[in-house]
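Using the hints, position chain B against chain A.
The chain contents come next:
Protein chains: 2
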Amino acid sequence: MEAIPYLAFGSAMLALGLATFFFSSVKKADPGDERMRYLMQEIQSGAKAFLKQEYTWVAGFVAVLAVLIAVFIQPPAAVSYIVGAALSALAGYIGMTVATMANARTTQAAKSGPAQALAVAFRGGAVMGFSVAGLALGGLMAIYVLFVLVFKVDSAFEVVTAFGLGASSIALFSRVGGGIFTKAADVGADLVGKVEAGIPEDDPRNPATIADNVGDNVGDVAGMGADLFESYAGSIIAPVALTAFSLSLVADQATDAVNISLLTFPMAIAFIGMIASIIGSFFVRGGSSLDNKSLSRALHMGTNVAMGLTVVGTVGAAYWMFSDSEVFENPIGLAVSVIGGLIVGWALGKTAEYYTSDHFSPVKKIAQETETGPATTILKGISAGMISVAASVVLLVVGVGIAYWGGQYAISDTLGDGDFGGIYGIAVAAIGMLATTGVVVSVDAYGPIADNAGGIAEMAELDPKVREVTDALDSLGNTTAAVAKGFAVGSAALTALALFKSFEFAIKEASDGEVILSLDVGDVAVFIGLFLGAMLPFLFAALTIDAVGRAASQMIVEVRRQFREIPGLREGKEGVRPDSAKCVAISTAASLKEMVVPGALAVLVPLIIGFINVNALGGFLAGALVSGFALAIFMANAGGAWDNAKKYIESGHLGGKGSDQHKAAVVGDTVGDPFKDTSGPAMNILIKVMTIVSLVFASAFVSGPFS
Amino acid sequence: MEAIPYLAFGSAMLALGLATFFFSSVKKADPGDERMRYLMQEIQSGAKAFLKQEYTWVAGFVAVLAVLIAVFIQPPAAVSYIVGAALSALAGYIGMTVATMANARTTQAAKSGPAQALAVAFRGGAVMGFSVAGLALGGLMAIYVLFVLVFKVDSAFEVVTAFGLGASSIALFSRVGGGIFTKAADVGADLVGKVEAGIPEDDPRNPATIADNVGDNVGDVAGMGADLFESYAGSIIAPVALTAFSLSLVADQATDAVNISLLTFPMAIAFIGMIASIIGSFFVRGGSSLDNKSLSRALHMGTNVAMGLTVVGTVGAAYWMFSDSEVFENPIGLAVSVIGGLIVGWALGKTAEYYTSDHFSPVKKIAQETETGPATTILKGISAGMISVAASVVLLVVGVGIAYWGGQYAISDTLGDGDFGGIYGIAVAAIGMLATTGVVVSVDAYGPIADNAGGIAEMAELDPKVREVTDALDSLGNTTAAVAKGFAVGSAALTALALFKSFEFAIKEASDGEVILSLDVGDVAVFIGLFLGAMLPFLFAALTIDAVGRAASQMIVEVRRQFREIPGLREGKEGVRPDSAKCVAISTAASLKEMVVPGALAVLVPLIIGFINVNALGGFLAGALVSGFALAIFMANAGGAWDNAKKYIESGHLGGKGSDQHKAAVVGDTVGDPFKDTSGPAMNILIKVMTIVSLVFASAFVSGPFS
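The listed protein sequences correspond, in order, to chains A and B. Under this note's numbering, the first residue of the first sequence is numbered 1, with each subsequent residue one higher. Under this note's numbering, the first residue of the second sequence is numbered 1001, with each subsequent residue one higher.
Treat the hints with care, since some could be wrong.
Here are the simulated lysine-lysine pairs, BS3-like style, with alpha carbons at most 30 Å apart [stated by the list, open to error]: (1) A:Lys194 with B:Lys1582; (2) A:Lys663 with B:Lys1365; (3) B:Lys1194 with A:Lys657; (4) A:Lys663 with B:Lys1663; (5) B:Lys1657 with A:Lys663; (6) B:Lys1663 with A:Lys365; (7) B:Lys1663 with A:Lys194; (8) B:Lys1364 with A:Lys365; (9) A:Lys582 with A:Lys48; (10) B:Lys1194 with A:Lys365; (11) A:Lys593 with B:Lys1657; (12) B:Lys1365 with A:Lys582; (13) A:Lys365 with B:Lys1582; (14) B:Lys1663 with A:Lys364; (15) B:Lys1365 with A:Lys593; (16) B:Lys1582 with A:Lys657; (17) A:Lys52 with A:Lys152; (18) A:Lys663 with A:Lys48; (19) A:Lys194 with B:Lys1657; (20) A:Lys657 with B:Lys1663; (21) B:Lys1582 with A:Lys663; (22) A:Lys364 with B:Lys1657; (23) A:Lys364 with B:Lys1593; (24) B:Lys1647 with A:Lys27.
Derived coverage of chain B by chain A (criterion: at least 3 residues anywhere in the stretch with Cβ under 8 Å from a Cβ of chain A; other residues may be distant) [said to hold, decoys possible]: (25) 1058 to 1072; (26) 1105 to 1113; (27) 1305 to 1312; (28) 1415 to 1423; (29) 1520 to 1529; (30) 1611 to 1622; (31) 1682 to 1696.
If you are wondering where the hints come from, they were derived from the structure by calculation, not from laboratory data. Remember, predicted model here, so these are calculated numbers, not experimental data. Even for Gly, the Cβ is constructed at its ideal location relative to N, Cα and C.
Chain A with its partners taken away, still in its complex shape:
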């Protein structure tokens, strides 16, 4: 089992090799005519400019936090933190680069047919998917091998955890910054373009169209990539940290062999999932049909193969790794935890799909409410989103129960404090959800590429048949994105739960057992923390919604100005082009400015509370976790449902485009934009970043200068 970290590292390198292969394959594809190449370059240079500025700003933040970590924790943890942050940023950058190359090439391929277009778009997504998974697993294993196995530094697991904090920092700012950028551009483009100027979506005359497309790349691609890098790394770190922090307290029971089984099992699952994803990715092949079902089958084949292989491999690994100590009573239990996690993640995705797809009744009912105007449309979307919270929480709780039962069944009560096995089961369930990240992200990242490809087809004024192909691919992308969000949010809750427990142990260990966290919710400090924690996601949502609003109004002013001041623009006079770069610059500046407060809040509030009272911090994290989970689901699903209710009407139901019903649906969609693409997805990371920052600083809270 000593070989597992190296095997996992090897599989990560293999994934990066595959990413390189897909990259060159995308690069070779034909990027189309001059106009298409021009548009592609505009989008690419806008996205690069944004990422460059974003990363510059975030680098400053990372540097400050690295210094704090070096001073309060230990210098190796600061190194690990920086590596985690840098690799996450790199993954986002690679994903964005290839996505902005693949868009025009997908458009061009769509001229030949859906199978060709699907191939280019999926390969573009796969570069991102395997870069994310490969860099995360590779980086983490390198840190583990170096600091834990080779240098054997003290409190080595603080160092491992710091990698996760690095990833979280980038993810948080990328999601918030990217989310603000993309929605400011989207809302700005829609409100002036569609509503005031009366020109269609993605029209080349609209100055904000390029910015909108840039937004898809920095928000949906780079932001989502950093998010899943963080989730994936976090899910592997959580059981490792849990084992390290909790079993160091009972060193007599935990022999080296037991320890090594527990520490490397998550890495083994990651290894199996990575190999399975690589194999799965070769099963994605489109046919010539534009039919949603056959496209969907083609795309899901890859995920299904990968998941099937992971299940088989997990059962084998559990038996192989947990049979050499009597502490492990029933190895199959841990396979149950992992597979339970995988199934619940899938079910959460299906729930999200049910509540946001126009094939099912919730979205249809929202669409029907447009008959009585925007107010009832909004109310129905809000209630549907809230009911989806209930369904998702019940699923999550079932998942937690199964994973806990599996772990308890597998691991003897004599190890740790009685329910160590159960908590370990919960932690590995999160990996179950994320083991196939490589292929899941590939499928997810394909969506914005197809979306952009459609935008380019529209702006380059190509044959409407091309747009039909890209639209079919794009519409499927909305569904796959819902599934990926289900995995992300489910794993966030499980990972945070495991990290929370690790935090409890870390506090105990850091104080040599002197400080035992009282996390009793009957304790007043805990309850105060619980109230503050439950409140923070509301504040965070409010700040990000307002940020989008402010950034969008700057965009609106600029678009209006261009329509007013550039002669012939609105009329579409030959050769008259809008000043798109100005819009990109505005969205960039506004989103960078706006991401600072909510981002910093997430890191600073737990630190402040932790240095004042660790019990309150325990309550705070628990409150933020449960209320953040609920708000994340609510906002993501309500937003998605409004979006698809609008699309449902646009596809000819209830009066179709231009009707009063459509206008009401557009109101719902606009309200949903920051819900589903800014506040909602950032909430997942918020939960984890707060837990992980607390875990990294645990020793400082009990022994630091303020305690």
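Quick look at chain B alone, frame taken from chain A:
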């Protein structure tokens, strides 16, 4: 100190006497001309018909739960439960009766001037205020004297707590049922009347206008009365139950004298507050000015006098009652807790006012967002509501901290389990907020009377000057309602917190110390409970929003039918009247049907979880408390802010009535209707009903047939 329960009972009788006096004074006032009397009777008979049907249904529910309590707990608790329910229902009925008498009389008095109208409206409200306070305190003291002092039944405090459960049951169904009724009528009347038929608000041609006015009485009067009856009773029960449940575990330390001080102190505060309220109510006198400031001063004079007297009395009571045992180290500490509660309650009210009044920037900003349409209006309201959550939670946490500190400072650590004093401080802080319920409810209930008076003026086609007077009174009512809501929600959180702690002790006591609740949030059962608890308020909000939606669409269908089928109605032909009774009947049937599921959910879910696992129930209650508090504030303030943003525009800003801005504001207002008048206010009660049902059934959970 033995006399205190009797004194408190006496003050309650005095309050009831005052209510009778105000009642006869209102009755004597002139109800106006034939048309006004006709309208008044229509409203009154509609409201009575609704309450009769509602109470019939709820009586069935109460009967079932009473049987369960008699079987699982003890028959005296069932008696107490029924008494609590019956008195709460009676208070609501009285309030509704007088409110529907006072409306036309206020209209008539408005012909003479604002001072006269204010006097009638306030006296109408005061009948309600003092009936609520008098019946609650009187009933509770009677139960206490009979079962605790005279019969000395076993586990007597279960019996006292059951009174609170009875009050909560009625409050929950009244708030939900009344809330659905009033908003179904309001939304139905607005959507068809204002938007489709283009006739103004409260127009006699609109068939739903009477139903809308009935709704004000069953929702804002009877519902609010039951709510505050429940809050007030609950705030007195919480410290009593806490003392009884926790100190019975340490009988050796808690001498009879100590016990009696702690048990009767809350009653003493209630006594002081009641006398102070009675005195304060005589200070409400209007002048001849219609100016908002001078009206506001007149109305607030009563509350301010009552609060000032309560503060002075509390300090005296603390010194007098807590000086005869060395357990009480610093009596002033408990006065700090009570006064701290009073101040924080006031500050929470002011925060609500800040976020919902058009004198401050949040509402003005929402109004400005109407310039870019309904979507941005909705988003701004949502973010403002969420930010108000942050402000309110911080205030609440400060209040909890002060109250806890005061209790710890006052009571020695040797009593109870170390932080008994602090928790007791939190419990009495809730009474601080509610001691002046008599006058606070009077001021609050005056609002809907003034609103109805305006409706009657409009429907009876009186001189516009009359409407001006009632409008001035009505607009002030919105502000006073915000303040009362602040008290209600703040006290709900504190009371629930104290009851939660009592629940912990009750479980321990019921099992003879064998079952010690592990409320550790690191425990998986607790965490599962926490997730489920945080989810429930979302589900409850969704169900109530949908209920309003369904009821409103039935109303819309009926109003459209009448405009279509009754010749001359829309044109306002002489002598043609709509069939208002039909609309009232529809709203009644729909709201009764719709209140069943959310109401039953609140009572059944904690019972189910409790019989399965008490630890999970602990987590569940904590999760529901923090997430329910946040959602309650969010929904109440967002809804209030949209309402006033619309009124701000109607008063001539940003284009005024009929402009596109106004249309956008109407969308916001309609979304906010179920937020602020159905889901939001019911959330406060939801939190408490779940805690109190758990407390009453605590002994059954550990010793019942399923354990």
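For each hint, the structure was consulted:
Proximity of Lys194 of chain A to Lys1582 of chain B is assessed by CA-CA distance (about 44 Å); at most 30 Å being required, the pair is judged violated. Only pairs whose Cα atoms come within 30 Å are accepted, and Lys663 of chain A paired with Lys1365 of chain B is accepted, the gap being roughly 24 Å. Restraint check for Lys1194 of chain B and Lys657 of chain A: satisfied, since their Cα atoms lie roughly 26 Å apart, inside the 30 Å limit. Of the pairs offered as hints, the one joining Lys663 of chain A and Lys1663 of chain B holds, with about 13 Å between alpha carbons and a cut-off of 30 Å not exceeded.
Taking the CA atoms of Lys1657 of chain B and Lys663 of chain A, the gap is near 21 Å; set against the 30 Å cutoff, the hint holds. In summary, the hint linking Lys1663 of chain B to Lys365 of chain A is supported, as the alpha carbons are separated by about 24 Å, within the 30 Å threshold. With a CA separation close to 20 Å, the supplied pair Lys1663 of chain B and Lys194 of chain A stays within the 30 Å bound. About 33 Å separates the Cα atoms of Lys1364 of chain B and Lys365 of chain A, which puts this hinted pair outside 30 Å; it is violated.
Straight-line distance between C-alpha atoms of Lys582 of chain A and Lys48 of chain A comes to about 15 Å, which keeps the hinted pair within the 30 Å bound. At most 30 Å may separate the alpha-carbon atoms for a hinted pair to count; Lys1194 of chain B and Lys365 of chain A meet this at roughly 25 Å. Restraint check for Lys593 of chain A and Lys1657 of chain B: the C-alpha separation of about 37 Å exceeds 30 Å, so the hint is violated. A distance of roughly 27 Å separates the Cα atoms of Lys1365 of chain B and Lys582 of chain A; the hinted pair therefore holds under the 30 Å criterion.
Distance check on the hinted pair: Lys365 of chain A and Lys1582 of chain B sit about 27 Å apart at the alpha-carbon level, within 30 Å; holds. Proximity of Lys1663 of chain B to Lys364 of chain A is assessed by CA-CA distance (about 25 Å); at most 30 Å being required, the pair is judged to hold. As the CA atoms of Lys1365 of chain B and Lys593 of chain A are separated by approximately 21 Å, the hinted pair is consistent with the 30 Å bound. Our distance criterion of 30 Å between C-alpha atoms is broken by Lys1582 of chain B and Lys657 of chain A, whose separation comes to about 38 Å.
Proximity of Lys52 of chain A to Lys152 of chain A is assessed by CA-CA distance (about 36 Å); at most 30 Å being required, the pair is judged violated. Between Lys663 of chain A and Lys48 of chain A, the direct Cα distance comes to roughly 35 Å. Violation of the 30 Å bound is thereby established for this hinted pair. At most 30 Å may separate the alpha-carbon atoms for a hinted pair to count; Lys194 of chain A and Lys1657 of chain B meet this at roughly 26 Å. For the hint linking Lys657 of chain A to Lys1663 of chain B, the alpha-carbon distance of about 21 Å falls within 30 Å, and the restraint holds.
Annotation: proposed proximity of Lys1582 of chain B to Lys663 of chain A is violated, straight-line Cα distance about 33 Å (limit 30 Å). Taken as a hint, the Lys364 of chain A and Lys1657 of chain B pair is broken in the structure, with Cα atoms around 33 Å apart against an allowance of 30 Å. Using a Cα cut-off of 30 Å, the hinted pair Lys364 of chain A and Lys1593 of chain B holds, with the two alpha carbons roughly 24 Å apart. Annotation: proposed proximity of Lys1647 of chain B to Lys27 of chain A is violated, straight-line Cα distance about 59 Å (limit 30 Å).
Given as covered by chain A, the segment 1058 to 1072 of chain B fails the check, having 0 residues with a CB less than 8 Å from a CB of that chain where 3 are the minimum. Restraint check on the segment 1105 to 1113 of chain B versus chain A: 0 residues with Cβ-Cβ distances below 8 Å, three needed, restraint violated. With 0 residues bearing a CB less than 8 Å from a CB of chain A, the segment 1305 to 1312 of chain B misses the requirement of three and the coverage assertion fails. Requiring three or more residues with a Cβ within less than 8 Å of a Cβ of chain A, the coverage given for the segment 1415 to 1423 of chain B holds, as 3 such residues are present.
Counting residues of the segment 1520 to 1529 of chain B whose beta carbon lies closer than 8 Å to any beta carbon of chain A gives 8, which reaches the threshold of three, so the coverage claim holds. Proximity of the segment 1611 to 1622 of chain B to chain A, defined as three or more residues with a beta carbon under 8 Å from a beta carbon of that chain, is established by the 3 residues found. With a cut-off of 8 Å between beta carbons, the segment 1682 to 1696 of chain B has 0 residues touching chain A; three or more are needed, and the interface restraint is violated.
In summary, the numbered hints that this structure violates are 1, 8, 11, 16, 17, 18, 21, 22, 24, 25, 26, 27, 31.
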